[in-house]
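Visitor: Construct all of the structure, not just a fragment, from the sequences and the given hints.
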Amino acid sequence: MEYTFATLNKKNSKDWFVYYSVRNSKGKLMPFKRRGDINKLTGQERKDYASALIQDINEDLKKGFLDVNKPGVIRDKKRDNFYWWFQEKLDAEKAKPESFYNWRKLNTVYNKLILLYPALSINEIDYKLLKDLEGKLLKGGDSVNYVSDTMDRISSIITIIVKSGDILYHKNPFNSYKIKTTKTERKRITIEDINKLSEKPLTGDDALARDMYLFSFYLGGMRFGDICRVEKSWFKGDYTEYEMHKAKNDRRIKIVPQLAKIIAKYKDSEGNYLFETKVKWEDELKSINSRNVYYNKHLKSACRTAEIPEITFHTSRHSFADFAKSNAIDIHTLKDLLGHSKVQTTEIYMRSFYKEQTDSAMDTLFGKKEEK
1 MEYTFATLNK KNSKDWFVYY SVRNSKGKLM PFKRRGDINK LTGQERKDYA
51 SALIQDINED LKKGFLDVNK PGVIRDKKRD NFYWWFQEKL DAEKAKPESF
101 YNWRKLNTVY NKLILLYPAL SINEIDYKLL KDLEGKLLKG GDSVNYVSDT
151 MDRISSIITI IVKSGDILYH KNPFNSYKIK TTKTERKRIT IEDINKLSEK
201 PLTGDDALAR DMYLFSFYLG GMRFGDICRV EKSWFKGDYT EYEMHKAKND
251 RRIKIVPQLA KIIAKYKDSE GNYLFETKVK WEDELKSINS RNVYYNKHLK
301 SACRTAEIPE ITFHTSRHSF ADFAKSNAID IHTLKDLLGH SKVQTTEIYM
351 RSFYKEQTDS AMDTLFGKKE EK
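In the working numbering, the protein residues as written are 1 to 372.
It is worth saying that the hints were derived from the structure and are not from the lab. Hints are supplied without guarantee of correctness; some may be wrong.
Stated by the list, open to error - BS3-like cross-link-like pairs, simulated, lysine-lysine; straight-line CA separation at most 30 Å: (1) K200 / K254; (2) K128 / K96; (3) K200 / K89; (4) K136 / K200; (5) K265 / K200; (6) K171 / K89; (7) K335 / K180.
Guide: The structure is reproduced here in structure tokens:
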């Protein structure tokens, strides 16, 4: 037997998981566990999700062990070329405007991979090649997390090939290759830094970048793409309502005095948008990415002038989250303010804050180490 079907383990009511076994290249039957979002659900939803997960896994297992490579089967040679599969994925992502960022990252991986391995068949991609690629990327100066992201995207292509049956399920090299990551500190600035940035006299695009960052902060960490889309008509009365472009979540935020001051500064400018960011809306996502890079440079310049740590627009979300938590805003309210759909996402934002809080708590309990 090459595999055992997936079944549900629910002996621990707090930790359900689906488990199955697949024989590896050395002939050993290896166990696998899949949890997905099972433990985030309850009641009938939990049972239905687990049942659907089991069905998907078993279908993949059966497809992966079909004898599609047996002698005598006429195969399309292009399907043996790994880059043919990769290009198919790139074309599919490029056809969806909302997938621009994923397409861009995939394209970067494609170009780097084809430079290192000009010709690559699907059968050449094994554990040894993945380790070789990992070593070359690290030696070339890529960070551990960047290498992890690269491997994750290659894995997504391999998964497509496995589901097609062109690579047998038990020969998926990512069954044994473990993608490594390291914890990173999420950058943010304090409310004292925010105040210094706000009070510093600035001109030109440094001033505009600063004002857009502050605008984002006082709106609970609005993303740069949404800042570009802000229309003057959105501000009526004491609240603003808008839909987050990335998450498609509706948000209703109270206009605080600091935010009102920024709105008043730009509301009489020309055009419908509050900030004239010069986005080319006919090529929206690509243009927003380009303008993000441009204004991040000016934001860093503004930070240097204000003598605070250099940051980018995305840090406004982390800065706001830290400020809110330090003022005893509960995690569920913070989730809504940030526009997250799940509390788990909000908790990721708070890891650095919690680390500092636990360090401070230990100092409070036992005192700082005395200097000799």
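Visitor: All the hints need checking, so say for each whether the structure fits it.
Guide: Hints versus structure:
For a cut-off of 30 Å, the pair hint linking K200 to K254 stands: about 26 Å separates their Cα positions. A hinted pair counts as satisfied when its Cα atoms are at most 30 Å apart, and K128 with K96 does not qualify at roughly 34 Å. Among the hinted pairs, K200 with K89 is inconsistent with the structure: their alpha-carbon atoms are about 48 Å apart, more than 30 Å. Of the pairs offered as hints, the one joining K136 and K200 is violated, with about 45 Å between alpha carbons and a cut-off of 30 Å exceeded.
With a C-alpha separation of about 16 Å, the suggested pairing of K265 with K200 holds against the 30 Å cut-off. In summary, the hint linking K171 to K89 is supported, as the alpha carbons are separated by about 21 Å, within the 30 Å threshold. A hinted pair counts as satisfied when its Cα atoms are at most 30 Å apart, and K335 with K180 qualifies at roughly 28 Å.
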